[in-house]
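There are 2 protein chains.
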Amino acid sequence: MSWLDEVPWNDQGLIAVVAQDFSSARVLTVAWMNREALQQTADKGEAVYWSRSRKRLWRKGEQSGHLQKVREVRIDCDSDAILLKVEQVGGIACHTGRESCFFRKLENGNWVTIDPVLKDPSLIYKK
Amino acid sequence: MSWLDEVPWNDQGLIAVVAQDFSSARVLTVAWMNREALQQTADKGEAVYWSRSRKRLWRKGEQSGHLQKVREVRIDCDSDAILLKVEQVGGIACHTGRESCFFRKLENGNWVTIDPVLKDPSLIYKK
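Here the protein sequences line up with chains A and B, keeping their order.
Per the working numbering, the very first residue in the first sequence carries number 1; after that it's consecutive.
Per the working numbering, the very first residue in the second sequence carries number 1; after that it's consecutive.
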């Protein structure tokens with residue numbers, strides 16, 4: 001049985017994926033993979049997700065250049081989540097130009113932005 | 001508008017939650033919350049999840065004593081995942097007696113267990 005067959009893909013054929021920076025240990029993002037995305041991630045050594053909004057494979061950094069080089073692929077005890085330890089190219093995982101997508105913190109009943117923008121998104125996604 | 005209303009609960013009324021150890025920075029587990037679980041987590045300062053298998057609120061550590069004391073609650077850019085930074089009581093998050101649920105790593109096409117059991121589960125869940 002293939003390691004891919006051990007994943008109990010959900011009813012949409014997906015599994016939740018946490019990307020964590022290998023060096024800073026920051027949790028960068030949560031995304032989704034289907035079987036093909038996980039296979040390509042393992043084969044290429046770069047994160048490939050399934051975009052639920054665009055309904056297609058999404059090579060992380062394909063537009064921004066902010067690839068995620070995969071150092072480790074882990075799976076959890078009940079095999080329904082994947083953890084990628086990655087080297088985040090450019091130090092920016094979020095489309096807002098921040099290191100991590102988790103840049104808002106709950107403070108006194110409000111989601112407060114606490115992390116800085118490292119690069120203006122208009123410079124990241126320029127044509 | 002309440003901070004809870006800013007969460008775009010999925011069609012099952014849930015959001016994915018990553019728990020990360022505040023000290024070790026290990027990603028401990030991925031679980032799910034509904035609105036009530038997130039409200040209780042914020043109110044109590046201890047992680048309360050929604051158990052999809054048992055279909056009920058699940059206070060993390062209710063049986064094992066391995067509570068998760070919440071130090072930070074974060075939300076991601078598109079508000080569809082939560083990151084909890086927690087103090088993991090007992091240093092064990094996984095029901096297998098390991099620190100993290102992500103104890104298997106992909107190596108040469110196999111999921112290989114690489115983290116030690118810190119405490120025998122039969123001692124954790126004894127009656």
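The hints are simulated quantities; they were obtained by calculation from the structure and are not laboratory data.
Values in this document were obtained by computation on a predicted structure and should not be read as measured data.
Some hints here could point you the wrong way.
As the list claims (entries may be wrong) - What follows is a set of in silico ranges between Cβ atoms, one per label pair, in the way DEER data are often shown: (1) A:S24 with B:A42: 38 to 44 Å; (2) B:G90 with A:F22: 22 to 28 Å; (3) B:K119 with A:P8: 23 to 29 Å; (4) B:K44 with A:Q39: 39 to 45 Å; (5) A:L4 with B:E36: 16 to 22 Å.
Even for Gly, the Cβ is constructed at its ideal location relative to N, Cα and C.
Going down the list of hints, with the structure as the test:
Against the hinted window of 38 to 44 Å, the Cβ-Cβ separation of A:S24 and B:A42 comes to about 26 Å, which falls outside the hint. Between B:G90 and A:F22 the C-beta distance comes to about 27 Å, which sits within the given range of 22 to 28 Å. A hinted range of 23 to 29 Å holds for the C-beta pair B:K119 and A:P8, which are about 27 Å apart. Taking 39 to 45 Å as the suggested C-beta distance range, the pair B:K44 and A:Q39 conforms, at roughly 41 Å.
In this structure, A:L4 and B:E36 break the distance hint of 16 to 22 Å, their C-beta atoms being roughly 35 Å apart.
Violated hints, listed in ascending order, are 1 and 5; each of the other numbered hints is respected by the structure.
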